[in-house]
Amino acid sequence: MSDRPALLKVEGLCKTFPTRRGGAVRAVQDVRFTLRRGSLVGLVGESGSGKTTVGRCLLRLIEPSAGRAEFDGTDLFALPSRALRPWRRRMQIIFQDPYSSLNPRMRVASILGEALDAHNLARGAARRDRIAELLTRVGLSPDHARRFPHEFSGGQRQRIGIARALAVEPDFIVADEPVSALDVSVQAQVLNLIQDLQQSLGLTMLFVAHDLSVVEYLCDEVIVMYLGRVVERGPSREVYRRPGHPYTKALIASAPVPDPTVPRAAPQVKGDIPSPLNPPSGCVFRTRCPHAADACAGQVPPEIEVEPGHFVACLRHAELAAAGVL
Amino acid sequence: MPMLRRPAALNALAPGVALQVNDLRAHFVFRRRVAKAVDGVSFTLREGGTLAIVGESGSGKSVTSFSLLGLLPPPGRIVGGSVLYRDSAGAVHDLATLPAAAMRRMRGRQIAMIFQEPMTSLNPLFTIGDQIGEMIRLHEPVSRGQVRQRVQRMLELVEIPAAAARLDDYPHQMSGGMRQRAMIALALACNPRVLIADEPTTALDVTTQSQILDLLRRLQRESGMSILFITHNLGVVAEIAQDVAVMYAGRVVEQAPVARLFAASRHPYTRGLLHATPNPARDVPQDGPRRRLEPIPGTVPSLTELPPGCSFAPRCALAMRACEAAVPPLLSVAPDHASRCLRHEELA
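Taken in sequence, the protein lines are chains A and B.
Counting in the working numbering, the first sequence runs from 14 upward without gaps.
Counting in the working numbering, the second sequence runs from 41 upward without gaps.
Calculated directly from the structure, the hints in this document are not laboratory data.
Among the hints, a few may not be true.
[Unchecked claim] Distance windows between CB atoms, simulated:
1. 209/A - 338/B: 14 to 22 Å
2. 166/A - 242/B: 17 to 25 Å
3. 127/B - 311/A: 54 to 62 Å
[Unchecked claim] Subject to a maximum C-alpha distance of 25 Å in a straight line, what follows is the list of computed SDA-like cross-link-like pairs (lysine to any residue):
4. 283/A - 213/B
5. 283/A - 197/B
6. 262/A - 289/A
7. 283/A - 330/B
8. 283/A - 322/B
9. 262/A - 325/B
10. 283/A - 242/B
11. 262/A - 254/B
12. 283/A - 203/B
13. 22/A - 91/A
14. 283/A - 196/B
15. 22/A - 223/A
16. 262/A - 215/B
17. 283/A - 266/A
18. 283/A - 202/B
19. 262/A - 199/B
20. 262/A - 243/B
21. 283/A - 263/B
22. 283/A - 206/B
23. 262/A - 61/A
24. 283/A - 159/B
25. 22/A - 233/A
26. 262/A - 330/B
27. 283/A - 216/B
28. 262/A - 322/B
29. 262/A - 273/B
30. 283/A - 193/B
Even for Gly, the Cβ is constructed at its ideal location relative to N, Cα and C.
Based on the sequences and whatever the hints tell you, model everything.
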């Protein structure tokens, strides 16, 4: 896995939203990670962590405030918006809400055809064939092309959203909470579909989610965000088995396990996530961290590589790991 | 349309049972269609225990909880069954046929409810202190000064930091987790014997959810109240409940103690849900490939077009002709364990 070449290298990504009163919400601060070609990477965090903003900045659906995103050697953030068009064909997004992300007045054929037309990909009979092929690929039938979105269930609509993303044959897909709005029985259908498509098409995918078990189940690598910053990233089996950051550990311990024989963990952190309008100085997690020390307020912890490819941003990592509290 | 239903036999409530629901039916009658949102629901909530009602969207779990307190929005109404409740004085009532005025006295004082979105029960125009205080004064003769003290104690009970200072906060000044705590304080202000919690942690982040579940467990230990916990999340069920009722398309399809339901379910739908839920301890081995999730094929049927027999039959691998002919009864498969499946023995 780790020998694959990088498709996307993100460095120093920041996004600040101005507030009406002249303040600034620092939604994303100094985010860095690398996505290798053909990997399925989870981006997890709670509300306000900035995970959705990161996904949208990468596709320039919102403009980043600073940073670089080197996609196949080209810095996407440096391109003027006119020059983005050919790159857009290579990067697609799947949205969370299968109800609001499809135009209710368009038939499925037009929804998928629009994506093909935007990049002049197929016309006439070839266009019809491609639409039928896309529908089959996501587990629907070619006859569904004539229907409107309201004629489908939530799970089927999400399949249409996936087909739309695949229409232009992208290399890279951001999936923004694609199964959060679905019931468990249907969620499993869509997760299996995403897994199959990612593998058979060799897609590189950033899977943005708040559900830790879904990410552990699905992803090769995981990036954990808290209050706008990446606190830990690495191979997912290792991060889940041996979390190196107190926040990751708390997050994993808080996730309910569907097995009543697993002993219940006491809540790991106190209080609520601070406002991103006024994030804590130094380590953003220190106000809720059971291991915070004075030094944590003084500096933003740099990332350290604790195992090959496994990075942790915690000043006390070595000390806590040696004491066995992580 | 007059209600021509006879009250249930009130002596039918066994000792140690807080709430007994028998064959409850709540329908929404539209001009041309009838949505049978709750169509024959039975379950038992033990005194001091927690029963989780688990189901996907459209299962009728929320409509069930609303009908218990007479809070069904029109055109929904209870068309059959009974809801037996023993009050603090020992008298047994059938909540399904209780007149509106008597039901109002029951709500809050005997049975309270919390929701997924705290703003459904908190008024944005009044302070937290005023709202909890009003609840107390509605049910108990206490002075204004005493009320303020009681409210502060309630906020401390639900672990709101700096409670005295938060009394005068408006709901919008609190975070999601704090609002949920304030709503719990409001619900518990009059020491209800039963708390109905309808997806109370669904909108919360996992670290906050874990705090709220812990709080509910502590409050239950201290007060001995019974909790009816409605959720779609099997992980939360495993954390909070002693007993579980699984609902599908308006009916309870299985009820069992929690350990038994997860280890030895006797209904294909429950088994399907368990196999479809990612459980990394089971699905992600130390090394080697992950176990593939097993989705349930198809989708939940529409409540206005339910099949004549078992509603799960169209999605069930075990379905046979008899399953489609008539709704299977809730069969006892072991002590405290019931399944609405004709082929439950083959699942043993």
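Each hint tested on the structure:
Range check, residue 209/A to residue 338/B: about 19 Å between beta-carbon atoms, so the 14 to 22 Å window is met. Look at residue 166/A against residue 242/B: about 21 Å separates their beta carbons, and that is inside 17 to 25 Å. In this structure the supplied range 54 to 62 Å holds for residue 127/B paired with residue 311/A, their Cβ-Cβ distance being about 59 Å. For the hint linking residue 283/A to residue 213/B, the alpha-carbon distance of about 19 Å falls within 25 Å, and the restraint holds.
Using a Cα cut-off of 25 Å, the hinted pair residue 283/A and residue 197/B holds, with the two alpha carbons roughly 16 Å apart. A distance of roughly 22 Å separates the Cα atoms of residue 262/A and residue 289/A; the hinted pair therefore holds under the 25 Å criterion. A distance of roughly 34 Å separates the Cα atoms of residue 283/A and residue 330/B; the hinted pair therefore is violated under the 25 Å criterion. At roughly 30 Å between alpha-carbon atoms, residue 283/A and residue 322/B are farther apart than 25 Å, so this suggested pair is violated.
About 19 Å separates the Cα atoms of residue 262/A and residue 325/B, which keeps this hinted pair within 25 Å; it holds. The suggested pairing of residue 283/A with residue 242/B holds, with an alpha-carbon distance near 19 Å, which does not exceed 25 Å. Restraint check: the Cα-Cα separation between residue 262/A and residue 254/B comes to about 18 Å, which is no more than 25 Å; the hinted pair holds. Of the supplied pair hints, the one linking residue 283/A and residue 203/B holds, its CA atoms being roughly 16 Å apart against a limit of 25 Å.
With a CA separation close to 14 Å, the supplied pair residue 22/A and residue 91/A stays within the 25 Å bound. Proposed proximity of residue 283/A and residue 196/B is supported: the alpha carbons are some 15 Å apart, at most 25 Å. In summary, the hint linking residue 22/A to residue 223/A is supported, as the alpha carbons are separated by about 23 Å, within the 25 Å threshold. Proximity of residue 262/A to residue 215/B is assessed by CA-CA distance (about 23 Å); at most 25 Å being required, the pair is judged to hold.
Restraint check: the Cα-Cα separation between residue 283/A and residue 266/A comes to about 13 Å, which is no more than 25 Å; the hinted pair holds. Distance check on the hinted pair: residue 283/A and residue 202/B sit about 14 Å apart at the alpha-carbon level, within 25 Å; holds. This hinted pair checks out: residue 262/A and residue 199/B have alpha carbons roughly 23 Å apart, not beyond 25 Å. The hinted pair formed by residue 262/A and residue 243/B meets the criterion: a straight-line CA distance of about 22 Å does not exceed 25 Å.
Between residue 283/A and residue 263/B the alpha-carbon distance is near 24 Å, which keeps this suggested pair within the 25 Å criterion. With a C-alpha separation of about 18 Å, the suggested pair residue 283/A and residue 206/B falls inside the 25 Å cut-off, and the hint holds. In summary, the hint linking residue 262/A to residue 61/A is supported, as the alpha carbons are separated by about 19 Å, within the 25 Å threshold. Only pairs whose Cα atoms come within 25 Å are accepted, and residue 283/A paired with residue 159/B is accepted, the gap being roughly 23 Å.
Taking the CA atoms of residue 22/A and residue 233/A, the gap is near 17 Å; set against the 25 Å cutoff, the hint holds. About 22 Å separates the Cα atoms of residue 262/A and residue 330/B, which keeps this hinted pair within 25 Å; it holds. The suggested pairing of residue 283/A with residue 216/B holds, with an alpha-carbon distance near 14 Å, which does not exceed 25 Å. Restraint check: the Cα-Cα separation between residue 262/A and residue 322/B comes to about 20 Å, which is no more than 25 Å; the hinted pair holds.
A C-alpha spacing of about 21 Å is found between residue 262/A and residue 273/B, which places the hinted pair at or below 25 Å, so the restraint holds. A distance of roughly 20 Å separates the Cα atoms of residue 283/A and residue 193/B; the hinted pair therefore holds under the 25 Å criterion.
This entry does not satisfy hints 7 and 8, going by the numbered hints stated previously.
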